[in-house]
Every structure is written in C-alpha cells, then in structure tokens.
Amino acid sequence: MLLSKVAERVYWMARYVERAENTARLIQANTRMMLDLPMRHQDGWRTLVVITGSNDLYSEQYEQVEERTVSRFLISDRQNPGSIRSSLNAARENARTLRDILPRQAWECLNELCLYASNELAGNLSRTRQAERLHGVIERAGTFAGALSNTMLHDEAYEFLRIGRNLERADMTTRLIDVRSVNLMMLDTDDKFLIEQAQWRAVLAALSASTGIRRRKQRRLTQTAVLQFVVKDDAFPRSFAYCAGVTRTALQRLPRSRALVRSCNEILERVAQADLARMAPEDLHSFVDQRQIEIADLHARIESTYLQLS
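Counting in the numbering used here, the sequence shown runs from 1 upward without gaps.
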C-alpha cells in the first residue's frame with residue numbers, strides 16, 4: 001500500500017491544479033457572460049466570489065465588488081489560498097516531494113505552469129490580456145494532465161490523483177449550478193429570459209460543455225437541458241455523474257474501499273433517479289446542496305481512511 005503521506009500529496013496536487021484550471025475557466029466564462037447582459041444587471045462579479053466560497057475573505061480585503069478587484073483576488077492574490085497563483089504554488093509544493101513518482105515530463109509541465117502563472121498573471125491586466133493569460137493556464141494544465149495520463153505508472157498513486165481531480169471537478173460543477181440557479185430564483189424582471197440564457201451559457205462555457213451538449217442534439221438552451229447534461233451525462237468528463245463514476249472506479253482499485261465504493265453507488269443512484277425537469281427552484285437548490293454535502297463527506301472519509309494514517 002502507498003504511504004499515506006505520498007497519497008495525500010498526490011491527491012492534493014491534483015485538486016490544486018484542477019482548482020486553478022476551474023477558476024480560470026470560471027473567470028473567462030463570466031467575462032463573456034457580462035458582455036451579453038444589460039448594464040443594469042452587471043453585478044455578476046459578486047457571483048464569482050460566492051461560487052468560490054470566499055465571501056468572507058474577499059470582504060476583509062476589498063470594499064467594492066467590481067471586475068478589477070474580483071479578478072485580482074481570484075487570479076493573483078497571494079492572500080487568497082484559492083487564487084490561481086496560490087493553488088498552483090500549493091500544487092508544486094506537494095509535487096516537490098513526489099519526484100520518485102512523477103515522471104520528469106509531468107514535473108516539468110507543472111513547473112512551467114507555475115512559472116507561467118507567476119510571471120504572466122501578476123498586476124492588473126486588460127480584458128484581452130487577461131483572457132489570453134487564462135487561456136494559457138488552461139492549456140498548460142491540460143498538458144500537465146496529459147503528461148500524467150501518458151507517462152505516469154497507473155498504480156495506486158495514480159488512482160489518488162484521479163480521485164482528487166474528479167472530486168474537485170464535481171465540487172465546482174455543483175457550485176456553478178447552485179449559485180446560478182439561486183440567482184435565477186431571485187429574478188423578477190422583464191429581462192429574465194435573456195439573463196437565464198446568458199447564465200446557462202456561462203455554466204456550459206465554464207465546463208467547456210457547449211460542444212458536448214450540441215452533440216446530444218439539444219436545439220434549445222433550457223435549464224432542463226443544461227442540468228441533464230452537466231449533472232447526469234456519464235459520457236461528459238466534467239458532469240457530476242462522470243466525476244462520481246471515475247471516483248468510484250479509482251476507489252475500487254484501492255484496498256479498504258468497500259464502504260466508500262458503496263457511498264459512490266448511492267450518490268450515483270440518487271442522481272440517476274432525480275427528475276430534474278420537474279424540480280421547483282427550491283427543490284433544485286436542495287438537491288444540489290445535498291450533492292455538495294455528499295462530496296464533502298466522501299472527501300472526509302477518504303482522508304480518514306487513507307491520508308491521515310501517520
């Protein structure tokens with residue numbers, strides 16, 4: 001069995017890189033969404049702070065919620081442990097002790113990603129330059145993931161990497177759905193249809209799901225169509241069902257995992273049985289909240305089973 005300290009560092013390295021990439025995708029999608037909305041609804045930058053769960057920390061550092069400060073907070077603020085730069089630095093610190101496990105190509109990809117973020121994401125950036133730099137983060141994170149998939153031994157360490165990456169993805173998917181659906185619940189305006197369309201397009205963009213949902217022959221962008229795809233479609237790598245399924249598969253290849261696998265099965269069964277089309281807004285909010293609780297509980301049980309043994 002892999003040493004618990006090694007498993008923990010692999011797990012968190014994967015989560016931190018995935019978190020950085022997710023944040024980059026989120027900012028890009030929100031920027032594009034804001035261009036589609038009427039000026040009187042230009043308060044979407046507060047939504048990013050809510051999605052990332054950093055309301056209190058942001059309020060301690062900034063008085064105004066505006067594009068410039070939110071972008072800096074989420075991209076380069078060293079005082080924000082969830083910023084892209086902070087997440088990547090944490091990933092590299094975990095990776096430093098894994099040189100016997102990580103192939104050289106993967107280590108070089110991660111190191112280059114961290115250097116890129118440190119050099120290119122500092123300071124205030126124009127929208128155009130920010131979009132270019134965030135695209136660079138997403139590309140390099142994908143290169144790192146590809147290097148791991150193609151060159152790392154697919155043993156127990158690799159399974160912890162897959163678990164960390166997919167739990168982080170599942171968490172982001174539920175956060176996106178939760179906050180966007182709550183925003184729509186609070187709308188009472190003549191622009192509701194326009195805003196609803198923009199919000200769900202932003203969800204698809206943040207998950208790079210636009211092409212996939214078109215392949216499912218969804219001609220109209222409705223809430224039900226988006227939810228069915230990003231929650232239930234087990235062929236889309238960023239859907240909740242897919243991430244939970246990969247986590248289950250990875251756990252099946254580890255010792256002492258029977259109870260954890262059973263929990264994954266229960267989560268997947270509840271998702272499969274959910275009638276998303278008939279859920280009232282408050283029911284959808286409750287459904288997504290419950291999935292977030294289950295992901296957090298699964299993380300805690302994985303931690304106590306494998307990552308805190310020494």
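Derived from the structure by calculation, the hints contain no laboratory data.
The beta carbon of each residue, even a glycine, is placed where N, CA and C say it ideally should be.
Among the clues, some could well be false.
As the list claims (entries may be wrong) - Distance windows between CB atoms, simulated:
hint: 1; residue 1: Q290; residue 2: P81; range: 36 to 44 Å
hint: 2; residue 1: A277; residue 2: V50; range: 20 to 28 Å
hint: 3; residue 1: K217; residue 2: A259; range: 18 to 26 Å
hint: 4; residue 1: G123; residue 2: R32; range: 18 to 26 Å
hint: 5; residue 1: P237; residue 2: E108; range: 21 to 29 Å
hint: 6; residue 1: F193; residue 2: E108; range: 47 to 55 Å
hint: 7; residue 1: E266; residue 2: L153; range: 42 to 50 Å
hint: 8; residue 1: D297; residue 2: G142; range: 25 to 33 Å
hint: 9; residue 1: D234; residue 2: R262; range: 17 to 25 Å
hint: 10; residue 1: P237; residue 2: N111; range: 24 to 32 Å
Against the structure, the hints:
1. Q290 to P81: 36 to 44 Å: For P81 against Q290, whose Cβ atoms are near 26 Å apart, the range 36 to 44 Å is violated.
2. A277 to V50: 20 to 28 Å: holds (26 Å)
3. K217 to A259: 18 to 26 Å: Because 39 Å falls outside the window, the suggested range is violated.
4. G123 to R32: 18 to 26 Å: 22 Å Cβ-Cβ, so the 18 to 26 Å window holds.
5. P237 to E108: 21 to 29 Å: holds (24 Å)
6. F193 to E108: 47 to 55 Å: Hint holds: Cβ distance 48 Å, inside 47 to 55 Å.
7. E266 to L153: 42 to 50 Å: 31 Å Cβ-Cβ, so the 42 to 50 Å window is violated.
8. D297 to G142: 25 to 33 Å: Since the Cβ atoms of D297 and G142 sit about 30 Å apart, the hinted range of 25 to 33 Å holds.
9. D234 to R262: 17 to 25 Å: holds (18 Å)
10. P237 to N111: 24 to 32 Å: holds (25 Å)
Checked against the numbered hints given earlier, this structure breaks hints 1, 3 and 7; the rest are met.
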